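The listed protein sequences derive, respectively, from chains D and E. Numbers -15 to 614, taken from our numbering, label the letters of the first sequence in order. Numbers 13 to 82, taken from our numbering, label the letters of the second sequence in order.
Each statement offered as a hint is correct.
Here are the in silico distance ranges between beta carbons for each label pair:
#, chain 1, residue 1, chain 2, residue 2, range
1, D, Ile148, E, Glu74, 42 to 52 Å
2, D, Gly306, E, Gly31, 18 to 28 Å
3, D, Gly32, E, Ala80, 46 to 56 Å
So, partial list: chain D residues that the calculated Cβ filter (under 7 Å) puts toward chain E:
#, residue
4, Tyr51
5, Ser87
6, Phe302
Rather than coming from a laboratory, the hints here were simulated on the basis of the structure. Just so you know, these numbers come straight off a predicted model, no measurement behind them. Where a beta carbon is used, it is the ideal one built from N, C-alpha and C, also for glycine.
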Amino acid sequence: MLSTPEVAATIALIGNPNAGKTTLFNALTGSNQRVGNYSGVTVDVKSGTFFTPHGRKMRVLDLPGCYSLRAGSLDEQVAVDALAGRLPDEAAPDLVVCVVDASNLERHLQLALQVVELGLPCVLALNMIDVAERSGLRLDPAKLTSELGIPVVPMQASAGKGVIELKQALRFPLPHAASATWLTPGVEPEAARRAHISRLCALAARRSAVHQWTFSDRADGLLLHPLWGWVCFLMILLAVFWSIFSFARIPMGWIEMAQGALEGWVSSLLANGDLRSLLVDGVIGGVGGVVMFLPQIVLLFGFIGVLESTGYMTRAAFLMDGVMARAGLSGKAFLPLFSSYACAIPGVMATRTIHSAKERLVTIFVAPWMSCSARLPVYLLIVPLLLHENEGSWKQALVLFCIYAVGTLSAFVAARVLRGRLGPDTSVSHFMLEMPPYRMPQWSYILRHVLERAWAFVRNAGTLILGLSVLLWALSTYPKSASGDEAEKLAHSAMGRMGVLLEPLVKPLGFDGRTGTAVLTSFSAREVFNASMAILFRVRDGGDKKVTRGMLREQLAAASWPDGRPLFTPLSLLSLLVFYIYAMQCLPTVAVVARESASWRWALGQFVFMTGIAWFASLLVYQGGRLLGF
Amino acid sequence: MTLNQAGVGCDLQVEVLSGSACERLRELGFCEQSQVRKLVGGRNLICSVCGTRLAISRELAEHVLVRAAS
Chain D
-15 MLSTPEVAAT
-5 IALIGNPNAG
5 KTTLFNALTG
15 SNQRVGNYSG
25 VTVDVKSGTF
35 FTPHGRKMRV
45 LDLPGCYSLR
55 AGSLDEQVAV
65 DALAGRLPDE
75 AAPDLVVCVV
85 DASNLERHLQ
95 LALQVVELGL
105 PCVLALNMID
115 VAERSGLRLD
125 PAKLTSELGI
135 PVVPMQASAG
145 KGVIELKQAL
155 RFPLPHAASA
165 TWLTPGVEPE
175 AARRAHISRL
185 CALAARRSAV
195 HQWTFSDRAD
205 GLLLHPLWGW
215 VCFLMILLAV
225 FWSIFSFARI
235 PMGWIEMAQG
245 ALEGWVSSLL
255 ANGDLRSLLV
265 DGVIGGVGGV
275 VMFLPQIVLL
285 FGFIGVLEST
295 GYMTRAAFLM
305 DGVMARAGLS
315 GKAFLPLFSS
325 YACAIPGVMA
335 TRTIHSAKER
345 LVTIFVAPWM
355 SCSARLPVYL
365 LIVPLLLHEN
375 EGSWKQALVL
385 FCIYAVGTLS
395 AFVAARVLRG
405 RLGPDTSVSH
415 FMLEMPPYRM
425 PQWSYILRHV
435 LERAWAFVRN
445 AGTLILGLSV
455 LLWALSTYPK
465 SASGDEAEKL
475 AHSAMGRMGV
485 LLEPLVKPLG
495 FDGRTGTAVL
505 TSFSAREVFN
515 ASMAILFRVR
525 DGGDKKVTRG
535 MLREQLAAAS
545 WPDGRPLFTP
555 LSLLSLLVFY
565 IYAMQCLPTV
575 AVVARESASW
585 RWALGQFVFM
595 TGIAWFASLL
605 VYQGGRLLGF
Chain E
13 MTLNQAGVGC
23 DLQVEVLSGS
33 ACERLRELGF
43 CEQSQVRKLV
53 GGRNLICSVC
63 GTRLAISREL
73 AEHVLVRAAS
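So here's chain D without its partners, still in its complex pose (with noise of 0.2 Å):
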């Protein structure tokens, strides 16, 4: 028979965070969710589709990670939601599956037991059984059915094992919901549960007596020791932002000479005329310009993705909580603010996680200036030029080190600051992180969740500033005026007009017209700026000269004011780099600020303070450095 398109039931996966839900949701799904070895991974309820072994489509839920039904955090609370059935377009499941990491079932049997006490259908998937086994714990699943009267699977999800098994145990008819035994008249249902789960315990995981000195003991012994701890997260941080700019100049090297070719292939084939200059600078010109930059991200959000697998970006957290306190939040926003450096959004997203209301919203307010992968091609153009030197040098990783270094700190003053104005909490919050034991990352996940990332990334160049580029390239090129020379033609065009419009606003910046239409062009995407830049600073001798990158610098690096002075001094820069690392040039990030804080004030706000800001510290910058005779 084959199978019935319509769904037969629905599943929701339930479990304490860090049990696997997300990495067991993959597989049953065979789809591509993010996982991490760290709680909070999952932030909102994920659906997906898949068959028993008999043919039947079931659907599935993967549920944010909570420790109680007695919901503490917003993600807790959706959690709580979809199992009563209270989420907007979604019946209560017909069965859930806990998932519990077997390693630790003392506590992660408490949230089975207050699902098996709603009376939902329950399954009980024991997860991670290898690390179990390898603490030396003794587990005797056949106890565990008779005990708790539910069906339990022994499962190692990363590796595909028990998948089959489970996906058996859902077979129709669905299991019934299992009485609460342990629940005794006169006897509080948390004090009855936890003697249920040690006398469980006790009969069907046994631990060994001894204390287990693991590896994960050992590695922390250094990873968070009170000095090495810092020399080895320093240490990390520099070596990523290295990598990032030493091991990507090879492909970015290859990018450029298929760009060059393309160009010159082009340019071959089309006689002199608009249509040739619109391929050549303002498509290839354009979209070539971002998509260089590819390398880079991929190797941010493969770096990210190897931290967050292994388990050491709790450890960050751990040790961050200290530097956090300092600006009015805890080490739990760490995580949130440190994914914001490959994109705010994820990092935006992360804060649910966060209990505390008012820390969450000062750290959604912050969030946009830990410098996101899109400011990278706009460093990575502006960097070289500063230093008069080709890229890939240790002065330049130095120099985007403290790049990144001025967005942090900005936000933790202003954090601090903001924290400070919203007052006290209503409730103590207090710090808590369950540190995960190290593993060996993932690599299928991060691979695929890289490969997302970058085609996400060439996606968006192929639309939204192929677009853009088009459009950039027109309003440099008409109106056309009669003359011959470049720099003529171009002040005639629209885009030359604008400039002249916007000169006055930017000038006190260090910027001309140009520069202040390619900055007044990247508010809808920061990348966009090399785009523009490109078509805006296009010089051509005789014709045939390509725009590439090298090519753009040495045309930024000799583009001058009509009186003769050098347009980019280091002072300019310097205010071009400042009003970049501040200005909130994303407009998918102000959407995304505005439905997690319920409030488009909100992100409104944001989006003027940080705009003002960077207008302000641009003027700082060149002006105080003028004063002082730079």
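Chain D is already provided as a structure; the job is to place chain E on it using the hints.
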């Protein structure tokens, strides 16, 4: 003694939990009678409890009374 006063590397047994956050601590596996080993002291502590490591703040550790495990 409180968890803060216990020495690093000691095996301990939780005696009493008090204060507003004790519910949360119990959910995290810090129950009465459970065996705990203090791994790192300082501003935040790390304890090994039921096979996992848990970082908790000093203020929270003040609410955990322990005795040396026999």
